[in-house]
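Student: All chains should be built: construct the whole structure from the sequences, respecting the hints.
Residues per chain, in single letters:
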Amino acid sequence: MLSFFKKLRIRGGVHAEERKAATALPIVNDFPLPKKLYIPLQQHVGKAAEPVIKVGEKVLKGQLLAHSQGLVSAPVHAPSSGIILDVNDYPAPHPSALPIRMIVLETDGKDEWLKTSVAADPFQLDAEEISLRVGAAGIVGLGGATFPTVVKLNMGRENQIDTLIINGAECEPYLCCDDRLMQERAAEIIDGVRLMLHGMGTKSAVVAIENNKPQAFLAMQAAAEPYVQIKVMQIPTRYPMGWDRQLIRYVTGREVPVGCRSSEIGVTIHNVGTAHAVHKAIRHGQPLLSRVVTVAGGAVNRPMNVEVPFGTLISELFAFCEVNTENTARIIMGGPMMGDSLPHSSLPTVKATSGILALTTNELKNTDEQPCIRCASCVSVCPAGLRPLDMANNIRINQLDAAVDLGLKDCISCGCCSYICPSNIPLVQYFKYASGEVMARQQAQHKAEQTKKLIDARNARMERIAQQQREDELARIAAKAERERLKAEQETAA
Amino acid sequence: MYVLSAIVSLTLLGLFLGLLLGVAAKYLKVESSPVVDELEALLPGSQCGQCGFPGCRPAAEALAEGNAPATLCPPGGSALAEQIAALLGIDLDLSEVKEPELLVARVSEDTCTGCTRCFKVCPTDAIVGAPKQIHAVVADACIACKKCVEVCPTECLQMHPVEVTLRNWRWAKPQAVPVQALETGGNAVC
Amino acid sequence: MITHLKPNSGAHVGANNSVSRIMWQVMFALMPATAFGLFCFGWPAFNLFVVTLLSALFFEAFCVRLRGKAVKPVIMDGSALLTGWLLAMTLPPWAPWWIGVVGSGLAIILGKQVYGGLGQNLFNPAMLARVALLISFPIEMTTWANVSPIILASSPDFIEGLRITFLGLVNIDASTGATTLGFVKTEFSQNHLLTDILKDNSNFLNLIGWTRGSLGETSSLLLSLGGLWLLQQKVIQWQIPVSLLLTVALLAQVFHGIDSEHYISPLLHLNSGALMCVALFIATDYVTSPNTATGQLVFGASCGLLIFIIRTWGAYPEGAGFAVLLMNSATPLIDHYIKPRIYGRDRKGKPLEIPKS
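Protein chains in written order, with our numbering: chain A, 1 to 494; chain B, 1 to 190; chain C, 1 to 357.
By construction, these hints were calculated from the structure, which means they are not laboratory data. Heads up, a few of these hints could be off.
To be verified - Which bits of chain A does chain B cover? Going by a derived footprint, with three or more residues having C-beta under 8 Å, they are: (1) 436-447; (2) 455-461.
To be verified - Each pair of labels, with its calculated beta carbon distance range: (3) LEU267(C) with ARG11(A): 37 to 47 Å; (4) ALA86(B) with ARG11(A): 33 to 43 Å; (5) PRO355(C) with GLY109(A): 51 to 61 Å; (6) GLY116(C) with VAL151(B): 50 to 60 Å; (7) GLN175(B) with ASP162(A): 41 to 51 Å; (8) LEU20(B) with PRO351(C): 41 to 51 Å.
Where is the CB? At the ideal position from N, CA and C, for every residue including glycine.
Tutor: This is how it looks when you write it as structure tokens:
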């Protein structure tokens with residue numbers, strides 16, 4: 001009985017205006033191949049990939065461009081055939097647009113595939129082999145977290161996973177790429193889910209879809225019909241239902257302890273897009289080269305879900321979708337709740353790009369900040385159970401330690417508090433600032449300690465050298481005295 | 001009579017309690033190292049002189065006497081300032097303090113003669129190299145004390161601001177900026 | 001190429017809400033009860049209401065100017081107007097004009113601006129002013145006008161109203177009396193029994209507000225209608241009003257059940273004095289009430305308990321103002337001890353243990 005209540009409970013969250021209707025169109029597949037692709041070497045959590053090609057080299061579609069480094073990393077493949085123009089620093093799709101290393105590929109328009117072999121029946125393969133292929137295909141979590149999928153599959157095998165949750169919540173406003181993917185490619189997603197179950201040695205999977213996507217739900221249910229191990233369920237529409245830990249609690253009734261991975265309590269969660277990518281990698285031998293991106297917002301004249309190769313500049317995407325650059329007030333990568341603004345549109349799309357929004361001033365939240373009236377809306381909407389108002393007040397007066405004590409590190413930056421705040425206080429930005437600052441101070445402290453060690457070591461060395469010199473000097477004087485004494489003795493003897 | 005007994009009893013009470021306090025102060029004394037030592041332990045100890053004092057010990061003495069602000073040490077940054085303020089029990093208003101621009105020394109490879117003077121003065125052994133070979137600065141160990149710059153005969157050692165990369169980029173603290181100012185300021189860099 | 005440099009963090013979209021909208025919603029909810037109060041007590045009440053609101057605005061503008069800030073945006077957020085409004089509602093309707101001015105000054109300057117303005121105050125400004133006035137000017141603050149609707153010929157006309165508000169009430173005994181709670185308290189002190197005391201009392205008139213009392217506090221019916229609308233609009237949460245009213249009603253029921261001649265009934269408690277107004281509009285003040293649902297329940301129930309204790313055994317017939325102020329001072333404490341559980345942690349803030357399966 002108790003677990004029943006616990007299971008149904010969703011904490012906090014907001015019901016944001018969905019604004020998905022304008023984009024609820026079939027996936028556009030005929031995006032013209034760009035002349036140049038800017039492919040970042042780091043499109044995932046972990047270490048950046050290391051290039052294996054040379055400038056001027058000709059590559060085929062699907063060919064490995066850079067291989068993964070270390071345990072948590074992912075390789076990068078050529079999204080189309082062409083010639084490598086450059087490997088250098090270019091602005092990253094990040095709010096700062098600071099440069100990171102990218103491979104520039106000039107496409108030849110032939111879109112020529114690299115020949116690969118695929119297993120006739122992947123279910124005959126070892127579970128390890130499935131993971132290996134998923135890793136080699138460069139697949140990362142396509143929900144936005146971009147954590148390398150292979151690491152999750154391996155952790156799944158090491159821990160006893162009883163439930164694989166497939167996240168089809170897509171709770172962010174505007175975005176509907178997953179919705180369309182589920183409607184149009186349900187069978188492929190379900191196949192990917194089965195492959196993942198095989199790869200982890202897990203018995204059952206649950207596909208969770210918010211109840212504002214009835215068509216996706218029906219399509220997925222029909223596709224999952226033959227497989228008893230896969231259950232498709234509807235979940236309430238409430239942001240941030242797609243937060244992995246919220247979804248885990250809703251579906252399984254279990255809560256992931258702070259500092260643990262979900263696999264430690266027997267659950268792993270993957271996005272529907274990831275499942276689709278796994279299907280393509282194992283069944284067709286195609287690495288992750290493109291994804292469905294939602295382009296939406298008031299400034300977009302042709303909002304759509306479009307399949308784009310990685311490395312496509314956002315400006316080209318905007319030209320295709322007829323974005324009115326005049327009244328674009330803000331460009332956002334991802335959804336409007338958690339996404340970050342981009343300073344300009346000459347940045348590439350990457351594996352994390354679930355959506356690109358071009359919003360007009362009318363759609364944006366008012367930034368006219370008012371004093372906090374302690375209405376506590378932020379407390380009631382926080383899915384993590386924090387008190388954003390107290391944290392922000394402490395950060396404002398630079399009491400970062402107090403903010404950490406209040407749970408700053410448990411903040412997931414979901415944006416619910418900023419969304420609901422009647423005083424328009426940029427709460428999430430306060431928390432992001434404070435987290436960065438706390439991190440920087442820890443690093444500074446670490447550096448100070450290291451410096452001290454270096455200085456002590458140097459002083460000790462100097463002391464040792466000086467001591468050595470003194471001893472040498474003494475020894476020299478002693479030797480001289482000895483010599484003179486001997487000489488004197490000889491003289492007296494003589 | 002009442003007045004007298006009141007005066008006597010209160011005086012006795014005062015004397016007794018005073019005695020008790022005196023005894024307690026003597027026997028229950030908390031051993032603590034002098035504040036100057038504690039301050040010196042907090043400071044980097046590189047004797048770099050960026051604070052304007054001839055070394056970390058004199059700086060600690062000035063701090064203890066209240067002749068220097070808690071924010072005096074540039075290499076320590078605001079983290080150190082907070083520790084000092086906590087130790088001295090003073091209020092610290094960091095919003096008034098500008099974070100110093102972080103600097104790091106760099107060797108220009110064209111003009112370095114490999115004279116080894118710089119790495120002899122470097123307090124943190126951040127400069128590596130051998131005689132007659134081009135030296136290099138280990139950026140993570142450099143504390144921006146500028147001693148090497150002073151001794152370099154060819155001016156090949158220069159201080160440069162630490163470059164902002166994606167690895168050390170951080171969100172700025174939100175400021176209440178009027179909307180208009182934001183829009184006009186928005187196009188300054190692109 | 002489109003360029004917008006300043007990095008902006010989510011959420012980029014927002015709920016369509018603002019501080020001033022909340023303030024106006026509360027004022028809107030107060031309108032029926034206020035209109036009824038103005039109707040019942042005529043021109044003097046109207047004058048007092050206007051004087052109180054205008055002086056609240058004046059003091060707010062004055063303080064904001066002193067702090068060297070732009071006056072207009074602060075005035076426009078409606079918070080000063082709401083404070084003045086709430087204060088006016090709790091004043092005796094025929095009180096002299098300077099009660100309104102001094103009250104607004106206390107509320108805005110001492111109750112709000114000295115703490116740093118909106119959102120910073122520890123005590124509810126309106127209640128602070130009301131209690132300060134009650135202690136400082138007990139005669140003026142307990143002179144309750146008879147119900148004299150604005151349409152009746154016997155009621156003061158506009159000129160007469162001005163005279164009452166600005167020059168003072170001449171014929172006090174003929175036009176004033178005691179509130180129900182005050183009357184009961186006086187009669188109890190003369191060892192009368194409740195059935196005798198209340199033989200002329202009508203629960204119906206108390207409910208609609210046709211009785212002596214503060215300017216806008218008499219009509220429990222209209223106040224609860226306004227409160228229900230606020231609840232429906234999600235401006236206020238149910239926790240504080242429900243726990244407060246329930247506590248008073250339960251305690252009253254218990255004592256009334258034990259001795260119905262010396263303890264007034266729950267119905268009379270709910271229908272009289274400032275209870276409805278306080279439960280729905282004062283105790284629910286965001287700034288001075290706890291942040292969490294559980295904290296709000298504790299806060300409301302404690303307010304109710306204090307109100308009952310003061311009303312029943314205290315020297316004052318009405319204790320809502322004191323109760324709210326006392327609990328306001330406990331709000332930081334409640335917020336310190338009652339906080340939400342963080343996801344993945346237990347109540348003490350330690351990470352949850354991994355369940356053994």
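Student: Compare the structure with each hint and give your call.
Tutor: Taking the hints in turn, this is what the structure says about them:
no., hint, in the structure
1, 436-447, "holds (count 8)"
2, 455-461, "holds (count 4)"
3, LEU267(C) with ARG11(A): 37 to 47 Å, "holds (38 Å)"
4, ALA86(B) with ARG11(A): 33 to 43 Å, "holds (35 Å)"
5, PRO355(C) with GLY109(A): 51 to 61 Å, "holds (56 Å)"
6, GLY116(C) with VAL151(B): 50 to 60 Å, "holds (53 Å)"
7, GLN175(B) with ASP162(A): 41 to 51 Å, "holds (49 Å)"
8, LEU20(B) with PRO351(C): 41 to 51 Å, "holds (46 Å)"
Every hint from the earlier list agrees with this structure, and none is contradicted.
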